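S.K.: Now for the letters of each chain:
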Amino acid sequence: MADPGVALDPTSAPLPGPSAVVDPREPRIFVASQWQLMWWRFRRHKVAVASALVVIGFYLVVLGADFLAYADPNASEAQRSLMPPQRVYWFDEGRFSPHVYGVKGARDPQSFKRVYVADPERKISLRFFAEGFEYRLFGLIPTTRHLIGAEGGPGSAPAVFLLGTDVQGRDLWSRLMYGTRISLTIGLFGVTVSLVLGVVLGGLSGFYGGVADTIIQRIIEILRSIPTIPLWMGLAAALPRDWSVLQVYFAITIIISLLGWTELARVVRGRFLAMREEDFVVSARLVGCSQMRTIFVHMVPSFMSHIIAATTLALPAMIISETALSFLGLGLRPPAISWGVLLQQAQNVQTVAISPWLMLPAVPVIVAVMAFNFLGDGLRDAADPYGR
Amino acid sequence: MLAYIGRRALLAVFTVWAISVLSFAIIQLPPGDYVTSYIAQMASMGSVVTDEEAQNLRIQYGLGQPIYVQYFKWMRLVVQGNFGMSMEWRRPVTEVIGERLWLTVVVSVAALLLTWVLALPIGIYSAVRQYSVGDYLATFVGFIGLAVPNFLLALVLLYLGFVFFNAHIGGLFSPEFQDAPWSGARAWDLIKHLPIPAVILGLAGTAQQIRIMRANLLDELRKPYVVTARSKGLPEARVILRYPVRVALNPFASTIGYTLPYIVSGSIIVSLVLGLPTVGPLLLKALIAQDMFLAGTIVLLLGVMTVIGTLVSDILLVWVDPRIRLEET
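Chains P and V are the protein sequences, given in the same order.
Sequential numbering from 1 applies to the first sequence in the numbering used here.
Sequential numbering from 389 applies to the second sequence in the numbering used here.
Note that these hints are calculated values from the structure, not bench results.
Just so it is clear, the structure is predicted and the values come from calculations on it, not from any experiment.
Heads up, a few of these hints could be off.
Beta-carbon label-pair distances, calculated as ranges [as the list claims (entries may be wrong)]:
#1 V:Pro639 / P:Ala212: 23 to 33 Å
#2 V:Trp490 / P:Arg136: 50 to 60 Å
#3 V:Glu483 / P:Pro240: 49 to 59 Å
#4 V:Pro639 / P:Arg218: 18 to 28 Å
#5 V:Thr424 / P:Asp108: 49 to 59 Å
#6 V:Val635 / P:Met304: 28 to 38 Å
#7 P:Ala118 / V:Arg479: 49 to 59 Å
#8 P:Arg241 / V:Tyr519: 51 to 61 Å
#9 V:Val692 / P:Leu137: 44 to 54 Å
#10 V:Phe460 / P:Ala212: 26 to 36 Å
#11 P:Ala212 / V:His556: 48 to 58 Å
#12 P:Ala50 / V:Lys620: 40 to 50 Å
From the three backbone atoms N, C-alpha and C, an ideal C-beta is built for every residue, glycine too.
Work the whole structure out from these sequences, hints included.
M.R.: Below is the structure:
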């Protein structure tokens, strides 16, 4: 939905560069390529640009999860169960020296709950690029360096818990980093499968029309009128219990995308229908291009941008679906870590009331969903730079 | 008009059929058949199933015969209202589901009504007073509603209610009405508990409908006939409500059909968080315990209910809007 308040007239595109002649705008507009126009249009949508940066940030986390984490996400320790987030002190007596206070755990004699008291005497300084557990950066380079780490090296007991710990005493920050990796890639794979289904079926529907169109449209209507969550739950619950993490991961991806392709197919079909009668398509056909060539060389490039926008808008639904399924315990199962798996611990309101930081994994879910939505909106507006 | 309704009804029949196949698939997917798990279940309880009993069950469900025969046998039982036995509860599935199905319907319909009641006036306001504080506020709340998955919203509200009011805001009944027979007092108690789940379930749909209504109405408001009406000296409320709103209602109404499946879907997972006595928690338990007749029946009934709801809203739509009647025939 183009916001009518923003000036969308391409001739008023802001113009960088000092070499302004009399009115350099018009010539630039006329010689600019389509992608150039889209980029100009997109750049004007400030929220979308900011969202694009957020999304890039998220995928950097996906790439560097092990670097950003400072503790083994699966190392559990009953002694550190449900530790609250530590406060970071950035200065020590006027000097920049980030540190946290050491924590003493004790059992409350009345409620038998573990309580933690910060010990201001024991300062644990944080160091950047500290040594930690071993991993392979980008899956290739073996290293032990992490963005931050506590003084004392990998041998001593871990003492930093920026976001606290969960019931099993696992560090929430580190788990969140790994969860981001799984949650965002599952969305990406899911959307890819949906995209293939959507483009093939939507393309068939839009290009050939007739019986194929009718059948595919009815299938889409049927799929859209079925409540999806119970169906997903049923299918996900039927996955064999002894499957490996990887198998479950792919099965869940497929289950989610099987029901998620309808919107993409609708967009693709609409584009095909709109374009089938365009002059350049008709001439391509008259000149004797094969059908494949007409579709892939002439038609697809001209609605590529629309597909990209629709794909971006489909991602949040994928992320939410995975989170919801895992939250119910039917999606990814521990030891896999995803946002939904992390949120499982926040199911019980009593637990959450005592340890509210367990709800923190909801924050990246919401931020990611919003960022993808705004980005998709911006891309959709930019996808058609000639309009309004 | 009849042709249109006929077409929708035919599609509904196909949808129900698709749902029944999918539900049957869910029942069939886990390894082992119903009777072997039934025998194992009985044995674990200490009772023995005689060979004759097992044989009768096998014949009743057509086990061992081709899969489509089993499907038809199951369908025949379903049509007679016999949904099989719940293994976990060792009672007929219909008894286990009981009033939970109706409570699911009540919650979903409440959320749907709330969506309309909120989205319509807010959408009109947002369009008429474009870029006002209220418009920005509605847009902002709308984005929150779209971006926050409803089960997380439920979780956050539950947490806030617990921390700030020390009250449990979940559930559909006060404790004293939990298992009470139906009465006026119990119904009133239900109505008092409905708003919170309805708001949580309806928020995302409301946000979407507000955006649709706002965009449609903005398009209409710029048209010359509105200027004409205004220049003739009609009062502003009449200028807006009488014509552009009615035109803008059509695309708004046609998306309502897709809202219901979405709400029913959401109700499953929100019920789990809020502890609502709907079919949601029952479905999850059944799936985890591999109590497949119960799970399959819930999926089937939910699907059928949704289809009926959508069909009803479609028919209402034709009745309200003459253009569809003329267009679609």
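S.K.: Now, for every hint given, state plainly whether the structure supports it.
M.R.: A quick look at each hint next to the structure:
The beta-carbon spacing between Pro639 of chain V and Ala212 of chain P, approximately 27 Å, falls within the hinted interval of 23 to 33 Å. Trp490 of chain V and Arg136 of chain P have their C-beta atoms about 56 Å apart, which keeps the hinted 50 to 60 Å range intact. With their beta carbons about 30 Å apart, Glu483 of chain V and Pro240 of chain P fall outside the hinted range of 49 to 59 Å. Checked against the given bound of 18 to 28 Å, the beta carbons of Pro639 of chain V and Arg218 of chain P, roughly 21 Å apart, stay inside it.
As the Cβ distance of Thr424 of chain V to Asp108 of chain P is approximately 50 Å, the hint placing it in 49 to 59 Å holds. The hinted range of 28 to 38 Å is satisfied by Val635 of chain V and Met304 of chain P, whose Cβ atoms lie roughly 35 Å apart. The given range of 49 to 59 Å is respected by Ala118 of chain P and Arg479 of chain V, whose C-beta atoms sit roughly 54 Å from each other. Hint check: Arg241 of chain P to Tyr519 of chain V, Cβ distance near 55 Å, so the stated range 51 to 61 Å holds.
One distance hint, 44 to 54 Å for the beta-carbon pair Val692 of chain V and Leu137 of chain P, holds here, with the actual separation near 53 Å. Between Phe460 of chain V and Ala212 of chain P the CB atoms are about 29 Å apart, so this pair conforms to the stated range of 26 to 36 Å. Take Ala212 of chain P and His556 of chain V: their Cβ atoms lie about 53 Å apart, and the range 48 to 58 Å holds. At roughly 46 Å, the beta-carbon separation of Ala50 of chain P and Lys620 of chain V lies within the given 40 to 50 Å, and the hint holds.
The structure shown violates just one earlier hint, number 3.
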